[in-house]
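Enquirer: Chain by chain, the residues:
There are 2 protein chains.
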Amino acid sequence: MSPFEEPNTALLPSGFIDLLQHEAEAEARGIEAVMDVFARHGYERVRPPLLEFEASLLHGAGQALSEQTFRLMDPESRRMMGLRPDMTTQVARIAATRLVGSPRPLRLSYAGACVVVGTPGREGERQITQAGIELIGVDSAAADAEVVLVAAEALARLRIAHVSFDLSYPALVQSLIAEAGLSDMTRAQLVHAVDRKDAAAVTELGGEIAPVLTAMLHAAGPADAALAALAGLDLPPAIRTMADRLRDVVAVIAARAPDLRLTVDPVELRGWQYHTGICMTVFARGQREELGRGGRYLAYDEEAACGLTLRPEVLLRAAAPIELRRRVYVPAGMPESVAACLREKGYATVAGLSAVDDSQNEGRRLGCAYVLSNDDLIEL
Amino acid sequence: MSPFEEPNTALLPSGFIDLLQHEAEAEARGIEAVMDVFARHGYERVRPPLLEFEASLLHGAGQALSEQTFRLMDPESRRMMGLRPDMTTQVARIAATRLVGSPRPLRLSYAGACVVVGTPGREGERQITQAGIELIGVDSAAADAEVVLVAAEALARLRIAHVSFDLSYPALVQSLIAEAGLSDMTRAQLVHAVDRKDAAAVTELGGEIAPVLTAMLHAAGPADAALAALAGLDLPPAIRTMADRLRDVVAVIAARAPDLRLTVDPVELRGWQYHTGICMTVFARGQREELGRGGRYLAYDEEAACGLTLRPEVLLRAAAPIELRRRVYVPAGMPESVAACLREKGYATVAGLSAVDDSQNEGRRLGCAYVLSNDDLIEL
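Respectively, the protein sequence lines represent chains A and B.
Each step along the first sequence adds one to the number in our numbering, with nothing skipped, and position 254 is 254.
Each step along the second sequence adds one to the number in our numbering, with nothing skipped, and position 283 is 283.
Worth flagging that the hints you see were computed from the coordinates, not collected in a lab.
Any given hint could be a false lead.
[Said to hold, decoys possible] Once the Cα atoms are required to be at most 16 Å apart in a straight line, the calculated EDC-like pairs of lysine to aspartate or glutamate come out as:
id: 1; chain 1: B; residue 1: Lys345; chain 2: B; residue 2: Asp376
id: 2; chain 1: A; residue 1: Lys345; chain 2: A; residue 2: Asp375
id: 3; chain 1: A; residue 1: Lys345; chain 2: A; residue 2: Asp376
id: 4; chain 1: A; residue 1: Lys345; chain 2: A; residue 2: Glu323
id: 5; chain 1: B; residue 1: Lys345; chain 2: A; residue 2: Asp36
id: 6; chain 1: A; residue 1: Lys345; chain 2: B; residue 2: Asp36
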């Protein structure tokens with residue numbers, strides 16, 4: 001569906017696409033369905049702007065996104081603005097400023113387009129639609145679990161089957177390594193080895209924590225087995241507290257949604273830029289790309305928060321197909337009241353703008369399934 | 001509601017705002033309601049990207065918007081991209097390229113955010129949401145009228161009362177002046193005088209066409225009277241054809257929607273940048289800003305097209321207030337099935353994430369209208 005596959009004289013920049021009729025409608029309906037589920041759980045919509053001053057857009061957690069942010073000069077203030085690469089940090093700004101007086105926990109939702117600079121030479125979308133939730137002002141397993149459960153319900157609404165939430169805790173393994181008394185060099189190499197899931201290098205570099213790290217490496221998989229393996233390890237108290245949090249979150253989710261597939265990867269480090277607690281990635285069977293991701297972080301550098309962002313473009317590849325309105329050709333001169341009645345019944349009416357010799361042919365030419373004739377619908 | 005009125009450490013650039021809970025929800029619902037009306041009339045949604053190469057974004061009709069376009073370097077292609085100031089030209093590009101083989105008339109709709117550079121020293125929104133339709137590939141009074149009628153139905157869906165569509169025909173008065181045999185200097189001064197509606201200057205500068213121009217100046221007003229005045233004027237044949245088009249469009253609209261308020265201003269020139277035929281501006285009583293605007297133009301420089309864009313931010317100031325979901329506080333430990341049932345009934349459930357001493361107090365604190373207690377709702 002890339003515009004480059006089409007005979008198209010007006011090429012778009014790499015990573016930017018047009019969504020055509022069916023796709024655009026599916027995306028819009030998907031976003032509204034997901035936002036509706038969020039609203040049912042008390043998440044209220046906010047809509048930050050596409051551009052902000054660089055200083056506020058990249059404040060706190062936003063710093064991690066600096067390299068992915070397009071910048072523009074504001075001719076009015078002569079200050080640099082950024083085109084948002086992500087909405088989470090914007091929602092955190094709203095929570096910390098205009099909604100600082102609102103009761104906590106604060107539940108906010110958002111949907112909109114973001115733009116990233118992209119990685120040179122690597123293909124990939126650069127305009128990314130996000131639809132997500134943020135649960136701000138509370139730090140508990142129940143809060144982490146709520147974010148997963150609400151997102152799971154949103155995916156169920158789109159009839160996406162075989163969904164899996166992969167839980168991780170990057171700060172757990174980072175702390176474990178940080179406190180192992182390794183040299184800076186070894187520590188960096190070890191993080192790299194863990195990130196590559198290179199068991200041999202972990203054994204070689206891990207020193208005292210090599211056995212625990214190796215066991216954690218092998219523990220990744222379905223939540224129950226992974227948590228059982230973690231439970232059997234001898235962990236420093238601070239690390240044990242983190243492992244317990246992982247266990248508690250899984251317990252809350254499993255009690256509420258026993259059929260939801262959960263996996264735990266205790267050594268996953270990849271792609272988490274500003275998170276401080278449990279992280280989650282959402283997958284669906286048959287989809288290579290993740291459907292969404294989220295986790296616990298500090299909103300505006302100070303307030304406990306957990307959020308999750310779904311990616312509507314990816315959701316739609318996994319979602320049940322939408323049903324489009326059936327189109328009825330309404331020849332010129334037909335009574336408007338009949339056409340209005342068809343619209344009320346869920347049809348799309350396509351008005352003939354001038355008289356034609358053969359209404360059925362004209363309806364067919366315009367992609368209609370029916371033509372209106374004397375109050376009757378003729379199937380084409 | 002400007003962020004500058006709030007004690008806010010994170011000021012946004014002038015012209016960019018956060019929409020908070022109620023406003024953001026109202027905007028989203030308003031857009032979907034309007035898009036639904038468009039879909040009922042066979043307008044299919046497309047979603048062009050936020051950024052395009054400058055060359056394609058400002059192609060043809062888009063040139064008029066060049067000064068209002070923020071530009072960015074694409075590090076991938078080293079070409080300049082523009083942040084769209086308008087979606088009409090993007091839809092025209094899609095129609096002329098990827099949808100060049102689709103049957104005409106082509107009915108497309110779109111909704112999304114645009115960004116304009118703004119006018120120095122003049123306040124005003126710089127992020128502008130648009131929701132509109134384009135009817136491409138046909139040039140007739142019936143087509144012009146359809147655009148007005150569909151937009152009017154969208155406004156009625158939002159229960160916006162006292163709507164007025166102001167029709168004009170900038171090319172009519174421009175042609176009249178162009179063909180009057182005036183010097184370049186006089187012509188420019190005359191256009192300026194017409195634009196200011198300065199009757200004295202029009203009389204002084206208009207030469208032979210001064211009487212006709214003056215009559216047209218005074219004709220502006222309710223459609224019937226304006227058209228009657230136009231009918232009585234002695235116009236060159238090409239100009240008469242344009243006046244007849246105005247008359248025909250009004251006749252089609254009046255036959256379909258006799259209660260819709262229509263005005264005609266035959267000398268309106270202001271703000272029309274790329275239009276070639278009839279133009280329309282939408283107002284509602286009590287709203288200073290226009291709710292939308294549109295008109296006839298050449299899509300991608302070659303194909304007949306007529307479109308109209310509504311401005312959701314302005315619509316919402318005129319629309320009936322939305323009804324938000326009533327919020328129910330659900331204390332921790334309540335059966336999930338009861339909460340799910342409440343959500344199905346249209347409530348928003350706000351989950352208690354830990355036990356509290358006084359559920360009613362907690363519910364009140366969280367802005368809930370009810371608290372759930374043993375399958376019962378207690379009003380707060």
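Enquirer: Each hint: holds or not?
Expert: Hints, verified against the model:
{"no.": "1", "hint": "B:Lys345 <-> B:Asp376", "verdict": "holds (14 Å)"}
{"no.": "2", "hint": "A:Lys345 <-> A:Asp375", "verdict": "holds (14 Å)"}
{"no.": "3", "hint": "A:Lys345 <-> A:Asp376", "verdict": "holds (14 Å)"}
{"no.": "4", "hint": "A:Lys345 <-> A:Glu323", "verdict": "holds (14 Å)"}
{"no.": "5", "hint": "B:Lys345 <-> A:Asp36", "verdict": "holds (13 Å)"}
{"no.": "6", "hint": "A:Lys345 <-> B:Asp36", "verdict": "holds (13 Å)"}
In this structure, none of the earlier numbered hints is contradicted; all agree with it.
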